[in-house]
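Using the sequences and the hints, build the whole thing.
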Amino acid sequence: MIGNDIIDLQLAAHQSDWQRRGFLEKIFTKSEQEIILNSRNPFQTVWLLWSMKESVYKAFVQQHFRRFFNPKKLRCRLFDVNRGTVRINGIEYSTRSQVDNKFIHTIVSADAFFLLRIGNSNRQEDVYQSLLLAFSKHCGFQQTDLQLKKNAIGIPKIYKDNILLKNSVSISHHGNYWAFAFTN
Amino acid sequence: MTNIDLIASLKKIVKPYIQNEVAFENLTEETDFINDLKINSANLVDVVLDVEDEFDIEIDNESMEKMLNVKAAIEIISTKLNSK
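So the protein lines, in turn, are chains A and B. Numbering (our numbering) for the first sequence: 1 to 184. Numbering (our numbering) for the second sequence: 1001 to 1084.
In case anyone wonders, no lab produced these hints; they're calculated from the structure. Incorrect hints may have been included.
[To be verified] Just so you have them, the derived chain B footprint on chain A, three or more residues with Cβ under 8 Å: (1) 14-23; (2) 69-76.
[Claimed, not checked] One-sided excerpt, in silico: chain A residues whose CB lies under 8 Å from chain B: (3) K26; (4) I27; (5) W50; (6) E54; (7) G154.
No residue lacks a Cβ here, since even glycine has one placed at the ideal position from N, Cα and C.
Encoded structure:
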């Protein structure tokens, strides 16, 4: 299983008001709120923790096939801007984040080997094509033999000649940034 | 409030956050906020907060957990309104 999440910070600033009454309390635990409010850049920390929760949520849904909306159930610990853990249902996942002044990206993977790409585009089709190209090169397949489809609960899956491949895939797209990752 | 009234109010609430006009125009109880309306997951928090303000109710985390589609949202709002 693999999960990743990217946040276009310019779009996040426009789409959400993290200082809105009730916003932090709905999403973040008390200790997460403290991390945010005591940080040098609370805006950045809000979205760093959010991307950690989202990436782990995506990986969790891949494992458990059940969607839900309860960000507080995913509890973050932050070691530094690039490393943290997220705990849910007694299981702790290690996350790796990349913080730029334009975007924040977090990835979690149970598999040691995976391929991650981050890029620029606001078109979903570009992301899908880039993913299939990278995947075909990585596996030595013909890109034209591959299809990308989302299953009933929205998890992306890669098919070769209409046969489901077992690689875990995670796609993330926000504003002008996209990222995808897949396991070996 | 009937379900029709509730859906109409909910439609007004979600409108600023939707990214799929067609799905929004054809909204039914089965419509999924994220998969169909393409509401950004961080904006789902705004939907919950707006619902709380509009109906003067509190949506606890256990209820929020299920609020992924119109049907679940309507059920939660009705339950909270009835227990007021």
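Comparing the hints with the structure gives:
1. 14-23: Three-residue rule met by the stretch 14-23 of chain A, so holds; n is 6.
2. 69-76: Holds, because 5 residues of the stretch 69-76 of chain A bring their Cβ atoms closer than 8 Å to Cβ atoms of chain B.
3. K26: OK, holds: A/K26 within 8 Å of chain B, min 5 Å.
4. I27: Holds - the Cβ of A/I27 comes within 8 Å of chain B, reaching about 6 Å at its closest.
5. W50: Because about 6 Å separates A/W50 from the closest Cβ in chain B, which is inside the 8 Å limit, the hint holds.
6. E54: 7 Å, holds
7. G154: Where the cut-off is 8 Å and the nearest Cβ of chain B is about 5 Å from A/G154, the hint holds.
Every hint from the earlier list agrees with this structure, and none is contradicted.
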